[in-house]
Structures are given as C-alpha cells and as structure tokens.
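Colleague: Here are the chains, one letter per residue:
Number of protein chains: 2
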Amino acid sequence: MDALPLVDVTANAACCSPLARTPLAAEDAERLAGMFKAVADPARLRLLSLIASHDGGEACVCDLTEPLALSQPTVSHHLKTLTGAGLITREQRGRWAYYAVVPAALDALGGVLTTRHRAADASCC
Amino acid sequence: MDALPLVDVTANAACCSPLARTPLAAEDAERLAGMFKAVADPARLRLLSLIASHDGGEACVCDLTEPLALSQPTVSHHLKTLTGAGLITREQRGRWAYYAVVPAALDALGGVLTTRHRAADASCC
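Top line first, the protein sequences correspond to chains Y and E.
For the first sequence, counting from 1, position 65 maps to 65 in the working numbering; every step adds exactly one.
Each number in the working numbering corresponds to the 1-based position in the second sequence with 1000 added.
Source of the hints: derived by calculation from the structure; they are not laboratory data.
Each hint should be verified, as a subset may be incorrect.
To be verified - Incomplete in silico selection of chain Y near chain E, CB under 8 angstroms: (1) Ala-26; (2) Val-61; (3) Arg-116.
Even for Gly, the Cβ is constructed at its ideal location relative to N, Cα and C.
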C-alpha cells in the first residue's frame, strides 16, 4: 500500500448508522462525500469491478489498462484516487503493481446507503 | 414526483450483480457513476439523512433549510438533483413540498458496492 487511506470508513460509526437512523453530522457528511466521490466516476467504477472480479480480488496493473481503453497515466491516476480513499490497496511485486479491493471498506460505504440491515451482523462495527 | 428518475437503478441488473461478480459494462458504469455523483456531496448526504430519519421517512422542505444553514435556492437545487437521481420523491401539498426517500433505490445503490449479499433476498430484482 503506497498511501494511508484518507478516510477509514470501516472505523466510522456511519457503518452502523445508516442515513435513516439519525441525521448525519456535518463532518461525517464531508468524509462520506469524499468516499462517494471516489466511486462517482465511470472509469473508477470499472477499475474497481475489474479488480474485484479478478481471481482472488486482486489484479496486476498490466491487466487494467487495455479493458478501459485509457492511457496508462490516466489509469494510474484513477487507481491512486481509489487507493487514497482506502477502497483498494497497492502492492509492488518486481516490475508490476498489484491492486486488491478492500471488501470491508466497500461494504461499509455501501452500508451507509442501505436501509435494510441484517439484525445480527457480527462483521459490522 | 415532479421528475422521472434519470436512472432506474432498482430495475438495473447491477442491483444483483455487485462489482465483484463480473466486470462492469461501460454503459452501466456511466449510469451508476451518475447515481453516486448525486450522493457524493456533503449537503445532499445530509439532506438525504434528514429526510430518511424524519418521521415516516418524509420531510417538509420547510424543515430542511435551517439544519443545513444553506439558502433556500441551494437546498432546492440539491433536492432536485436527488429527485432526478430517483433517490427521493417530491409531493406538493398546498404551500409546501414534501420529500420522501426511495428505500429501494438507496438499497440498490448501496448494494452495488456491497460484497456480502444475503443468499435469499426476495426484495432484490
């Protein structure tokens, strides 16, 4: 991982306090909006999906440029945004960087919007 | 409702095909990015939360301006964006407009990011 997550949404109370439970505080709204901005882009959503659906939820950067038909610097920029938001991690192995999704971060962000929650979700908070 | 949802995410296959299942198609990524853009703003997240946490998941516009300390036109603009994305509905009753969340749309959008899904979720798709 080459950057600390800007926001640790997995440690955020919002993970178990979806929008419907209590009005969102201003600082939480700022943090969460930053996370949603990271996924509010078609290329980044496709990158996330390419990584997540790859074997083991991990993909080499060398497999991510061609499917999107974007330049390598553009793909790198988007990957950096996703890494900075804590949604993926980056690991350098020899010549190539490998990216893996952070399921807990994706689940926590998705859970902010979800109105129906399992009564007993041990993995949450 | 004064506007048709721009994207009917509840009818979208992505609702039950989270990112990890299969690489996201370009057109689905465009649609979903538009939905995430609607929530990728602190004021809109707070408005969503104020409406969702209000009695019955519905709130009068007259109750939404003061908590955010924003001007009425700014609040109206954000509410229009959320309505256009199909995340809330608007109903005029006499002098005031009332806004209600669309739980199915929020659940579907949250579900796109969620990696853990209930085995049998009858309300989904």
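Colleague: Now tell me if each hint is right for this structure.
Modeller: The hints, checked one at a time:
1. Ala-26: holds (7 angstroms)
2. Val-61: violated (16 angstroms)
3. Arg-116: Given a least distance of 6 angstroms, the restraint on Arg-116(Y) holds.
When the structure is compared with the earlier hints, a violation turns up for hint 2 alone.
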